[in-house]
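Undergrad: Each chain is listed here by its residues.
There are 2 protein chains.
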Amino acid sequence: MKAAILLTGDEITRGVVKDSNGGYLAESLTALGFEVQSIVVVPDSREYISHEIRTALSRADLLVITGGLGTTFDDITLQTVADYLGRELSFDSEYYSALEESFFKRFSREAPAGLKRQALVMQDSVQLPNISGSARGSFVRTENKEIVILPGPPMEMEAVFMEALKHITLPPKMFSRTIGFLDLTEPEVEDFTEEMLSRFSGVKFVTRVRYFSGPTVILSASDESVLEEVCRLFSERWKRYIYTTTGEELVEVVVKGLREKNLTISVAESCSGGRLSALLTSVPGVSDVFSGGIVSYSNESKMSLLKVSENSLSQHGAVSEEVAFEMAAGTSRLFGTDVGLSVTGIAGPSGGSDLKPVGLVCSAVRIADSIETYTDRFKGARETIQLRAASTVLKRLWRLFWNEYYIE
Amino acid sequence: MKAAILLTGDEITRGVVKDSNGGYLAESLTALGFEVQSIVVVPDSREYISHEIRTALSRADLLVITGGLGTTFDDITLQTVADYLGRELSFDSEYYSALEESFFKRFSREAPAGLKRQALVMQDSVQLPNISGSARGSFVRTENKEIVILPGPPMEMEAVFMEALKHITLPPKMFSRTIGFLDLTEPEVEDFTEEMLSRFSGVKFVTRVRYFSGPTVILSASDESVLEEVCRLFSERWKRYIYTTTGEELVEVVVKGLREKNLTISVAESCSGGRLSALLTSVPGVSDVFSGGIVSYSNESKMSLLKVSENSLSQHGAVSEEVAFEMAAGTSRLFGTDVGLSVTGIAGPSGGSDLKPVGLVCSAVRIADSIETYTDRFKGARETIQLRAASTVLKRLWRLFWNEYYIE
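Heads up: the protein sequence lines correspond to chains A and B, in order.
To convert, note that position 48 of the first sequence is 48 in UniProt numbering; the numbers rise steadily by one, no gaps.
To convert, note that position 161 of the second sequence is 161 in UniProt numbering; the numbers rise steadily by one, no gaps.
Since the hints were derived computationally from the structure, they do not count as laboratory data.
Remember, it's a predicted structure, so these values are computed and weren't measured experimentally.
Errors might be hidden in some of the hints.
To be verified - Computed list of lysine-lysine pairs in BS3-like fashion (alpha-carbon distance at most 30 Å, straight line): (1) B:Lys-116 to B:Lys-105; (2) A:Lys-379 to B:Lys-256; (3) B:Lys-307 to A:Lys-18; (4) A:Lys-18 to B:Lys-18.
Said to hold, decoys possible - Estimated spans, in silico, between C-beta atoms of each pair: (5) B:Arg-141 to A:Glu-47: 23 to 33 Å; (6) B:Pro-154 to A:Val-226: 51 to 61 Å; (7) A:Tyr-374 to B:Glu-228: 46 to 56 Å; (8) B:Lys-239 to A:Ser-108: 24 to 34 Å; (9) A:Ser-90 to B:Lys-379: 31 to 41 Å.
Cβ coordinates follow ideal geometry from the N, Cα and C atoms, glycine included.
Working from the sequences, and respecting the hints, build out all of it.
TA: Below, the structure written as structure tokens:
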């Protein structure tokens, strides 16, 4: 079954409000088994809204519309849908009395004229209650299509969408699994995925690239055991490249691995400026393995805190594998941890040279008594380089960790 | 002049990726003086993409398309636009050699066949370089319309969009000024803005709330001197609440202030886990004022590194103004800095209690020899609380700093 999403509002097309309803509805409808055909944002224009209703209903079984149920002149969604379907609007005086009363309670003054709009009801529609606001939603069934109209503010939209689910005709249930890959490119993953799809009918997939890790394949099927079998074959084929078959982020897998092996971790960062610590501390409950980190931005702090030698700094420079090595050793010593990560590099936009250009990043991973060092060259703006530097050292840790502890 | 935005990708219509390109482009195009007619997301379908190109070009002067420039079979954007316009694609073998070489450098194996897609070039189009990735953008002019094709990953999209701006025909120039407010609500700002608009015709505005600072007003006008006058009146009225009239982020203003007064800064973080350091190091060239930071996640590291007393930890707990005070003093001592910031709190989702609930955050700001401490209670998910904790201490620093150094 197919669905379409239509969002109305000048505040979105002007970029003043960043829409989140589209993503929420797309994810929810997909999880319910719908194939979403489009997510469209148009200004509060009768012409554009009508055009989009026509397009959506030509493709989809269900159309979900949000926004334009407020109290001002540009709140025209209900009227536009009613006109499109050739249905009448009537005035719900009982609901209006309740609205008027609650307005007075809150503001101690008379309600503005526009409040009457929110008491309008479309002929042959189901009113969807709104526990978070005054704009009710509507559920409308035509011969073979369904339309849901929801208020725009996200919290209200979500609450009223839950009400709508009591009425919407749902597709058969789908199961889904997310596989995450490292050190593999999207086309390589996709070639194998295609092979799987040709062997197992009824399985669908999307690939995407998680920006600072690697490609991800999301498989879905109505038969859970087929899905399990496909996941098993993926794991068999790409064992050394898969960090999750259940949709976890790489950092969650790393933290879980450390916890399993009873290892503690700390970090020392220069160019990534705290982003590696931030990545690790994004995982709830990380405090049982993560002791802390040093952002040693100045050379003085590299020496005084991490005991990086003056000799290494002057001989090789702050951005060198030698300094990265000593930083990783330093943070492990300082925090008394089993695992130490370090990053030092040139995030730019200035500060680069021919020999050490912007984007050059050295890093080190210490596990127990062995320290591996690396040099990378990243492209992009300052923030990109900082984030890539942080995420790359995490990938390296995962790779080493897997070799150390999990290889048979 | 009118613009339309078209985003392609199953990963967005399935809700797997939450789109941010639509909002970014809507805001940027609006700021450039365009009226955005629609923001449309469709799956990677030739039929749907062609339909949307037709609709968009019937309404708009400029169409910006993102996504579908990757290396897999569903990356069909360039081909679809070329077919729509009746133009040929050709193969850029020189660019392909560069792609192949960089693939080999990175993965030490042969490039997959799909990489060839990224070397395709549309007849009569301008290639837009991509400093953050391998997918170039395209700029195409038809008789009276312009089409820009950009890669989907946000950072690449933004970089290539900047390149596109060198070619796009822009609406008549508008001047624009962005005023940033702290400790003021949006309605208060908006009331004054309305008053200004009634006095000065030809000035337009949008207000928005920067999520982790405060409301922002973006004013635009074709007459720059009128804009200056409006800015002056804003500054006069709201002096103590305005941190920028030129669109700078709060952290940039803070770093500039420190530099002017020749002061150095360091931080100590617990619950914010590196996000305060990350915020400061997002500013290019910050190394002349920022010495470094400690992420003291464990109590042991608070004691050993920052010399927080065992007594304070046991008497008041790690989340207390007493501990925040000692952390701020500790980081200043450790790094030898003039200004020390500290944050300690409960980011959740677990770890809260009746007395110290999730979202409780204590912080301290040390400037020279005086230390101020604060307690806040933030709502939201773990990441939200962590970011709010980091940004709030920065706001406090700005406020103190202004009182200390800039008040007349």
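Undergrad: Next step is simple, just say for each hint if it's right about the structure.
TA: Status of each hint after checking the structure:
Simply put, Lys-116 (chain B) and Lys-105 (chain B) have alpha-carbon atoms about 17 Å apart, close enough for the 30 Å limit, and the pair holds. With a C-alpha separation of about 27 Å, the suggested pair Lys-379 (chain A) and Lys-256 (chain B) falls inside the 30 Å cut-off, and the hint holds. Taking the CA atoms of Lys-307 (chain B) and Lys-18 (chain A), the gap is near 44 Å; set against the 30 Å cutoff, the hint is violated. Of the pairs offered as hints, the one joining Lys-18 (chain A) and Lys-18 (chain B) holds, with about 11 Å between alpha carbons and a cut-off of 30 Å not exceeded.
Checking the proposed 23 to 33 Å range against Arg-141 (chain B) and Glu-47 (chain A) shows it holds: the Cβ atoms sit about 27 Å from each other. In this structure the hint that Pro-154 (chain B) and Val-226 (chain A) lie 51 to 61 Å apart at CB is violated, the actual value being about 35 Å. For the hinted restraint 46 to 56 Å between Tyr-374 (chain A) and Glu-228 (chain B), the CB-CB distance of approximately 51 Å keeps it satisfied. Taking 24 to 34 Å as the suggested C-beta distance range, the pair Lys-239 (chain B) and Ser-108 (chain A) conforms, at roughly 33 Å.
A hinted range of 31 to 41 Å for the beta carbons of Ser-90 (chain A) and Lys-379 (chain B) is consistent with their spacing of about 40 Å.
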